[in-house]
Structures are given as structure tokens and as C-alpha cells.
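Sequence positions in the sequence shown follow the working numbering and run 2 to 153.
I should point out that these hints are in silico values taken from the structure, not numbers from a laboratory.
Everything hinted at is true.
Below are the SDA-like pairs computed for lysine to any residue, each with C-alpha atoms no more than 20 Å apart in a straight line:
| no. | residue 1 | residue 2 |
| --- | --- | --- |
| 1 | K37 | Q26 |
| 2 | K142 | R120 |
| 3 | K5 | R47 |
| 4 | K99 | L67 |
None of the values given here were measured: they were computed from a predicted structure.
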Amino acid sequence: MERKDLIHQLSEIERSLRQEAGFSQEQMAKVLGISKKSLVQTEMGRRNLQWTECVTLAVTFSGSRLLQETFGGELSDMIRAVAFADTGVSYPKTMGGKVWWTDLNEKNGYRIQQNLISRHYRVLDPDDGRMISSFDAEEIKAFFDAIDTDGE
Numbered sequence: 002m003e004r005k006d007l008i009h010q011l012s013e014i015e016r017s018l019r020q021e022a023g024f025s026q027e028q029m030a031k032v033l034g035i036s037k038k039s040l041v042q043t044e045m046g047r048r049n050l051q052w053t054e055c056v057t058l059a060v061t062f063s064g065s066r067l068l069q070e071t072f073g074g075e076l077s078d079m080i081r082a083v084a085f086a087d088t089g090v091s092y093p094k095t096m097g098g099k100v101w102w103t104d105l106n107e108k109n110g111y112r113i114q115q116n117l118i119s120r121h122y123r124v125l126d127p128d129d130g131r132m133i134s135s136f137d138a139e140e141i142k143a144f145f146d147a148i149d150t151d152g153e
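Construct the entire structure; sequences and hints are all you get.
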């Protein structure tokens with residue numbers, strides 16, 4: 002998934018997310034830091050949210066059932082994968098993928114996982130620390146294959 006795809010998906014569900022939270026358009030516009038007019042245009046499909054508005058939405062409503070069901074768990078993981086595409090980044094420890102993830106490969110405690118909903122990939126270390134996230138399966142496989150698990 003590319004940034005534009007994530008922006009489009011979040012723009013499409015913003016209204017439902019606002020309603021789930023019980024917010025008025027005025028309240029949601031204030032939370033996102035935009036005018037009510039811009040919010041109305043987004044909800045009518047005339048405008049997509051901007052990247053920073055999407056990040057604000059993801060962080061502010063991280064506990065939303067709708068976001069979790071739409072994106073397969075923590076949206077922050079997808080935000081990181083999109084935001085840090087083609088860069089090295091240090092990720093915080095995960096819960097090991099017990100709910101939204103399936104293991105695709107494992108060697109010496111290192112695992113490739115794929116999200117069941119969004120279909121993006123990640124590599125976890127033996128302590129469930131996220132080493133890399135990406136939508137590019139070949140990038141993940143190359144990273145995984147390059148891991149020195151023997152300490153040599």
C-alpha cells in the first residue's frame with residue numbers, strides 16, 4: 002500500500018469514524034486542525050484528507066473498532082511502514098502478532114509476518130521487536146534472508 006492509498010482509505014471512512022466517536026463535524030474539524038468546510042468536502046468525497054490529518058486521525062482514534070477492523074490492528078504500524086518506506090527505522094516492541102498477523106516464515110526465533118487485513122509484512126526479532134515493515138514482499142524476504150542468526 003502506498004501513501005496515497007492509505008490517505009484515500011482514511012478519507013473514505015472519516016465520516017463513519019467521526020460518527021463512531023459521537024463527534025459533530027465542528028468537533029472533528031477542530032481535532033484534525035482543519036476548517037469545517039474542509040471536513041464537509043472530505044465527507045462529500047470532494048477532497049482527501051492530507052497526510053498530517055491522516056496521522057492525527059490514526060493517533061487520536063487509535064482505539065477505534067472501525068480502524069482496527071479496517072486496517073487489521075494498530076494503524077500506527079501501517080503509518081510507520083508508509084512513512085518510513087525506503088529508510089531504516091527503529092521500531093518499538095510488538096505484542097508478537099497474536100491477533101491480526103500470520104507467520105509466514107521463521108528461523109531461529111526471527112519471523113516474517115503478514116497482516117491479515119492490510120496484507121503488509123513485518124519482520125520480528127526473537128523478542129517480538131519489529132525490525133522492518135513494508136508492503137513489498139521481496140524487500141521483506143531480502144531483509145529476512147540477510148539476518149545473521151548464527152552470530153557469525
